[in-house]
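A.B. asks: Below are the chains, spelled out letter by letter.
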Amino acid sequence: MSIIEFKHVTKRYPESGEALSDVSFAIERGEMAFLTGHSGAGKSTLLRLIPVIERPTRGEIIIDGVPIHALQGRRIPYLRRKLGLIFQDYRLLNDRTIFDNVALPLLITGHNPQDIGRRVRAALDKVGLLRKEKRLPPALSGGEKQRVGIARAIVHKPPLILADEPTGNLDRELAEEIMLMFREFNEVGVTVMIASHDLDLVRRFSRRTLRLEQGRLIGVS
Amino acid sequence: MPLQADTRLADRFKAYLSIQQDSLKQSFGRIWQTPVASSLTIFVVAIALALPVSFHALIQNAREPIEALETTSQISLFLKPELSNDVGRALAEKLKKNPVLKGASLMTKEDGLRELGAYSGFGDALAALSSNPLPAVIIVKPAATDADSVSRLLVELKSLPEADLVQFDNEWLQKLQALLAITERTVMAFSILLGFGVLFIVGNTIRLELQNRHEEIAIAKILGATNHFIRRPFIHSGFWYAILGAVLAWVVANLLILGVQEPVNRLAELYGSPYRLSFLRVGDTLILLSIATLLGVSGAWIVVAHFLRKIDAD
Chain Y
1 MSIIEFKHVT KRYPESGEAL SDVSFAIERG EMAFLTGHSG AGKSTLLRLI
51 PVIERPTRGE IIIDGVPIHA LQGRRIPYLR RKLGLIFQDY RLLNDRTIFD
101 NVALPLLITG HNPQDIGRRV RAALDKVGLL RKEKRLPPAL SGGEKQRVGI
151 ARAIVHKPPL ILADEPTGNL DRELAEEIML MFREFNEVGV TVMIASHDLD
201 LVRRFSRRTL RLEQGRLIGV S
Chain C
1001 MPLQADTRLA DRFKAYLSIQ QDSLKQSFGR IWQTPVASSL TIFVVAIALA
1051 LPVSFHALIQ NAREPIEALE TTSQISLFLK PELSNDVGRA LAEKLKKNPV
1101 LKGASLMTKE DGLRELGAYS GFGDALAALS SNPLPAVIIV KPAATDADSV
1151 SRLLVELKSL PEADLVQFDN EWLQKLQALL AITERTVMAF SILLGFGVLF
1201 IVGNTIRLEL QNRHEEIAIA KILGATNHFI RRPFIHSGFW YAILGAVLAW
1251 VVANLLILGV QEPVNRLAEL YGSPYRLSFL RVGDTLILLS IATLLGVSGA
1301 WIVVAHFLRK IDAD
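Sequences listed follow chains Y and C, in order.
For what it's worth, this note's numbering labels the leading residue of the first sequence as 1, then goes sequentially.
For what it's worth, this note's numbering labels the leading residue of the second sequence as 1001, then goes sequentially.
Just so you know, not all the hints are guaranteed correct.
[Claimed, not checked] Okay, derived cross-link-like pairs now, DSBU-like style, lysine-lysine, Cα gap no bigger than 30 Å in a straight line:
1) C:K1141 <-> C:K1109
2) C:K1158 <-> C:K1102
3) Y:K82 <-> Y:K126
4) C:K1096 <-> C:K1109
5) C:K1175 <-> C:K1141
6) Y:K82 <-> C:K1094
7) Y:K7 <-> Y:K126
8) C:K1025 <-> C:K1310
9) C:K1080 <-> Y:K82
10) C:K1025 <-> Y:K132
11) C:K1158 <-> Y:K157
12) C:K1141 <-> C:K1094
13) C:K1080 <-> Y:K157
14) C:K1109 <-> C:K1097
15) C:K1175 <-> C:K1158
16) C:K1080 <-> C:K1094
17) Y:K82 <-> Y:K157
18) C:K1094 <-> Y:K134
Calculated directly from the structure, the hints in this document are not laboratory data.
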């Protein structure tokens, strides 16, 4: 069964016109897939439709069996809790410790403090930052910040991880390290979808790749 | 099975309480960490609450002696001058039996002359008079002192064949009561205005907090926070601003009362009254705390609700 399904999805902005035109595809449960294209091709728009940060102008989107193109506002938080979101600019809280940043998804779902401590340390251990839990994000390097972002995305064990240009601000070596981390998550059954314009990096992982150009899906390889 | 459901419900309730408690502690911590900004808000809330509360307390205090005065009001029934003291005495006895009256006592013509001589300073001139021109007077104390009963009683007394003039000597008391009522209304109107003030001050402080934590809220929303989760800490901040302001207002109001207590008590002593100025009562204190809490929480709620609607629309 597909975990992500797009059926003839179009997204039009009143100011800038169509960002996505009639896009249809499906990502299977347990798959690791890439989304590529030049900047402005619609990768970010596509990824923003899945957590309902934006809604499609036309078409249907089904996530984990739930049609979300017309999801009620009050249901949106519960959809987002099934997702692990990773951003190019990390989106960390600079005045909170690494521990508190990673704990945020668990606080939101109301876990008890012991449980939070255990899970946050497990997530930080996975990204190799266990010893920096008391630091603030500005004290970390770009690669470390992104690893905090990844720890925050996996701490609540979501079935689906969406990463928007996760290596956009990192050098080659760090980027590869991050990608290997995603592959590890995928190997334990998590579905991973990564938007990236770094075609070399994408090619080396030889996974299914959706290519967007000017809002249209021009190929799957 | 139902037992299990109960425990689960109890657990969830316990979890809910512990979340609320943690959040209350955290919002207090945040207020504590920004002492200058927070105390500004708390001081303004305190002043806005202290003014109506102290005025209210002073009015409450003034009402007691005025109500005590009311019960001492009396009517002077001047008899026709040709009637003798004996006729007056008989009438006084008759009036005493009337249930609408608390008492009736005769002031004879001679009593009247003596009193006039003593108080007016015309003693010598009065002594030169060949006959006593003063009428006998019956001092009547009404049982009920409200305006309706008193005016009904006045009509009744005027219709007595023996009556010449009926004088109800509490017009000044009625004026005082009217003045008190006006003051009460004014204080009420100002209280409502200042109450809105508290609502706006807390609301504005929360608005600034929301702006400062805009990024944090945006991230929490993307990670699946419900509006309830986002609202909670701000509602709790509103609660703290209001309750701390109210406690300070309570102290300020009592200090104001303490300030005027000594001269008021001395005045009461001079009048031989056992009356003493009192501090804010427990009931009034509870009302102050609950109204303040209501205002603070509503102020925060309105602002956060508006903010969330705006974010959701973006």
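A.B. asks: Against each hint, give a clear statement of whether it holds in the structure.
C.D. replies: Comparing the hints with the structure gives:
For the given pair, C:K1141 sits about 20 Å from C:K1109 by alpha-carbon distance, which is consistent with the 30 Å threshold. With a C-alpha separation of about 18 Å, the suggested pairing of C:K1158 with C:K1102 holds against the 30 Å cut-off. This hinted pair checks out: Y:K82 and Y:K126 have alpha carbons roughly 20 Å apart, not beyond 30 Å. This hinted pair checks out: C:K1096 and C:K1109 have alpha carbons roughly 20 Å apart, not beyond 30 Å.
With a C-alpha separation of about 20 Å, the suggested pair C:K1175 and C:K1141 falls inside the 30 Å cut-off, and the hint holds. Simply put, Y:K82 and C:K1094 have alpha-carbon atoms about 93 Å apart, too far for the 30 Å limit, and the pair is violated. With a CA separation close to 36 Å, the supplied pair Y:K7 and Y:K126 exceeds the 30 Å bound. With a CA separation close to 28 Å, the supplied pair C:K1025 and C:K1310 stays within the 30 Å bound.
For the hint pairing C:K1080 with Y:K82, the CA-to-CA distance comes to about 100 Å; that exceeds 30 Å, so the pair is violated. For the suggested pair C:K1025 and Y:K132, the alpha carbons sit about 26 Å apart, so the restraint of at most 30 Å is met. Distance check on the hinted pair: C:K1158 and Y:K157 sit about 94 Å apart at the alpha-carbon level, beyond 30 Å; violated. Restraint check for C:K1141 and C:K1094: the C-alpha separation of about 14 Å stays at or below 30 Å, so the hint holds.
A hinted pair counts as satisfied when its Cα atoms are at most 30 Å apart, and C:K1080 with Y:K157 does not qualify at roughly 104 Å. About 23 Å separates the Cα atoms of C:K1109 and C:K1097, which keeps this hinted pair within 30 Å; it holds. Our distance criterion of 30 Å between C-alpha atoms is met by C:K1175 and C:K1158, whose separation comes to about 23 Å. For the proposed pair C:K1080 and C:K1094, the alpha carbon gap of about 17 Å is at most 30 Å, so the pair holds.
A C-alpha spacing of about 8 Å is found between Y:K82 and Y:K157, which places the hinted pair at or below 30 Å, so the restraint holds. For a cut-off of 30 Å, the pair hint linking C:K1094 to Y:K134 is broken: about 95 Å separates their Cα positions.
In this structure, the earlier hints numbered 6, 7, 9, 11, 13, 18 are contradicted, and the remaining ones agree with it.
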